[in-house]
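Colleague: Here is what each chain is made of, one letter per residue.
2 protein chains.
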Amino acid sequence: MNAEIITIGDEILIGQIVDTNSQWIAQQLNKIGVSVYQITSIQDEKQHILTTLAEAQTRANVIIITGGLGPTKDDITKKTLAEFFDNDVMVEYPEVITHIKTMFAKFNIPFKPIQNQQALIPSKATLLKNRFGTAPGMWFYENETVFISLPGVPYEMKALIKNEVLPRIQQQFKLPFILHKTLMTYGEGESNIAERIEDFENNLPQHIKLAYLPSFGRVRLRLSAKGSEKESLEQELHLKVEELKCLVADIYVGLDDNNSLEKSIGQILTKKGKTIATAESLTGGKIAASLVSIPGSSKYFLGSIIAYQEDLKVELLNVSKEHIKTYTTVSAEVAEQMAEGALEKFASDYSIAVTGNAGPTTDNNDKTVGLVYIAIAGKEGVKSFEFNFGQPREKVINKTVNKSLELLLKELR
Amino acid sequence: MNAEIITIGDEILIGQIVDTNSQWIAQQLNKIGVSVYQITSIQDEKQHILTTLAEAQTRANVIIITGGLGPTKDDITKKTLAEFFDNDVMVEYPEVITHIKTMFAKFNIPFKPIQNQQALIPSKATLLKNRFGTAPGMWFYENETVFISLPGVPYEMKALIKNEVLPRIQQQFKLPFILHKTLMTYGEGESNIAERIEDFENNLPQHIKLAYLPSFGRVRLRLSAKGSEKESLEQELHLKVEELKCLVADIYVGLDDNNSLEKSIGQILTKKGKTIATAESLTGGKIAASLVSIPGSSKYFLGSIIAYQEDLKVELLNVSKEHIKTYTTVSAEVAEQMAEGALEKFASDYSIAVTGNAGPTTDNNDKTVGLVYIAIAGKEGVKSFEFNFGQPREKVINKTVNKSLELLLKELR
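Read top to bottom, the protein sequences are chains L and A. Heads up: the first sequence begins at 1 in the working numbering, then just goes up one per residue. Heads up: the second sequence begins at 1 in the working numbering, then just goes up one per residue.
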């Protein structure tokens, strides 16, 4: 069972938007046991779409197409699909117009004749109702391959995938099981880890694959297993995970579904009924954003104070002016005071604070580019850590975010 | 002149990471006049890579491949490229090992024999020095097509593209000019705009294309022109932009390169020498993050207070308890007090505050899901605005961010 994802529209090809839709769809398909073989972004040109559909059909059983379904002239997906399916004729679905009119009335948007086009669907397609938008989804089945066309607007696409597409795929095909387990490690590079686990890797069975996913000071080791029997596969993968854990025990942080650090932190805080706040400088709110990205984070995340300037660190976080003079803002002392300040201001159980120099220049202090201090405070006191994350700027900021979350998780454990 | 981007490695295909590399590369290529015809993500399987390279070669003159260059077993790009180029032999570059050793010594990482592999490069390739990492880039030229292989780590790839790849492409090919101009509009849907500008669109010459890019309450209209003569093309596009501006004058916000609202706000604040701070609830720091995303934002962005809980709105932003009791936290009154609180705390010239209910449930107040209040404060006073952004949650949050930035820009103008 292979799937391919095709995105239509040149906003991705000119770099105007990032293709987050494909990532999300790939996740959902993997969860139900459908592997994604290829993701392709193409322009909204008829011939290019037709060729891509034909090529995908030779490789995949499920083809999901997003984008190009607006009512305007540059959206040609629907017409091209009709052409692809032997010049299919269009059929009108009056309920689509009723739905659009109801939706528009709610927000006082006048209905215009151009919207009538949204109700025209190729006769070979099954209509998939789009609750949140005007363009319906379409489901085609031909030669044991399913073609699904969806609007590109993320929240419309997501609702359609969840409510309409996934259940139909599960009904249409007998799916294998795909299981992924990702071990997160930190503190050691990809090549060193590879050396340690060379024998383990060489002895993996064909249906279990290992991948290295390095990113800013952490390397994730992902084992992927595919099979027809869920229970035996789970057991087999479990054994391999345990074996691998032993080999990397000293650098192992935890199992990871996607953003394990943030998730694990959330789970522990929720379980303990504790709260957290952040005080950030160089990361500009990125640590807070990572914590907030987890659903249910409002239970334990109280807030954040983002203070760029020296004065604001003093005023909003009670950092002492004397300390700044003596140690400069990029110092363990200031990081610790920021953490204590956040703890007090938010009356949280824990806080995390960062200060550093992300570069490219060193501004008005003498501290090296890449120098970062991270402090964690709790009811028992405050601790701080010094790092040199080198350069460029992007790397320093991202390493600071990851390292902060790692330290916090360790502390919570 | 067409380019294709190929990403290798299944972390994109299983949805573990979003492909931000391709977006960035596409932007850079478009800027120098190279159109991207297709972006393809494939697994690190030899046969799949070979087929994809061969297909791309029939369509493009520039093929950029990222990923799969680590020293570990799952990284097979280099070997596969050698095979693609008639089973090319590997040549050792001792300077690569020297570079890795120097880099590792700086961070006290021991050098392991596995790293020696990074110094082996197919004989037909020109080596591209990777300042920030261990895997060098490679440049192949065959049958008037350039193949460029780069590491997948974003900051390594970016430095290679800027310093090595783009200058070589410009030297190798005579490039056409591609110009994009994007007009940002808000307050009207895609289909209504399409109706208004139907004649304009029908009369566009072949080499100028129009695209609609709708997103959470704003629609961007992008005109793309391609030609060989820069000056005449600029003039022609300018006239079309002016013509289009007149047709959408009442809903036009500004010209947009990418994130115009944030950029325009930054430009005005920098020019005026004014500062801004935010106070956020439902957006969890997303407005701050948008402002901070612009390079140089530290000049005018002072910081942010993210306060989820009622108590924290009272303590950190001086919102009155009485107001919350009388009006609830989701009210114009509270939004205004939050904005005033931020203005005072950060001593900024302007502030923006948001409070609302993003759903899915209405918590402990009676306010409708989707109800949002946005307040903007300045030295002359405070204003607030009420919206109903419907649902789901993601849409409410994103519409709140966009609308806040739009209102702020209007206010600054």
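I should point out that these hints are in silico values taken from the structure, not numbers from a laboratory. We treat Cβ as the ideally placed atom computed from N, Cα and C, and that holds for glycine. Possibly wrong hints are sitting among the right ones.
[As the list claims (entries may be wrong)] With a straight-line Cα cutoff of 27 Å, these simulated DSSO-like cross-link-like pairs (lysine-lysine) come out:
(1) L/Lys321 - A/Lys325
(2) A/Lys299 - A/Lys271
(3) A/Lys299 - L/Lys325
[Unchecked claim] A partial selection of chain A residues facing chain L, derived with a Cβ cut-off under 10 Å:
(4) Gln28
(5) Val153
(6) Tyr186
(7) Ser215
(8) Arg220
(9) Ala288
(10) Glu322
(11) Lys325
Colleague: For each hint, tell me whether it holds in the structure or not.
Modeller: We went through each hint and held it up to the structure:
For the proposed pair L/Lys321 and A/Lys325, the alpha carbon gap of about 38 Å is over 27 Å, so the pair is violated. With a C-alpha separation of about 11 Å, the suggested pair A/Lys299 and A/Lys271 falls inside the 27 Å cut-off, and the hint holds. Under the criterion of a C-alpha separation no larger than 27 Å, the hint pairing A/Lys299 with L/Lys325 is consistent with the structure, at around 22 Å. The beta carbon of A/Gln28 comes within 8 Å of a beta carbon in chain L, closer than 10 Å, and the hint placing it at the interface holds.
Because the beta carbon of A/Val153 sits about 7 Å from the nearest beta carbon in chain L, less than 10 Å, this interface hint is met. For A/Tyr186, the interface hint is violated, since its Cβ never comes within 10 Å of a Cβ in chain L; the closest pair sits about 13 Å apart. Taking 10 Å as the C-beta cut-off, the interface hint given for A/Ser215 holds, the closest approach to chain L being about 8 Å. Because the closest C-beta pair between A/Arg220 and chain L is about 8 Å apart, less than 10 Å, the hint holds.
Interface hint status for A/Ala288: upheld, as the beta-carbon distance to the closest one in chain L is roughly 5 Å, under 10 Å. Because the beta carbon of A/Glu322 sits about 21 Å from the nearest beta carbon in chain L, more than 10 Å, this interface hint is broken. With a least beta-carbon distance of about 21 Å to chain L, the hint placing A/Lys325 at the interface is violated under the 10 Å criterion.
When the structure is compared with the earlier hints, violations turn up for hints 1, 6, 10 and 11 and for no others.
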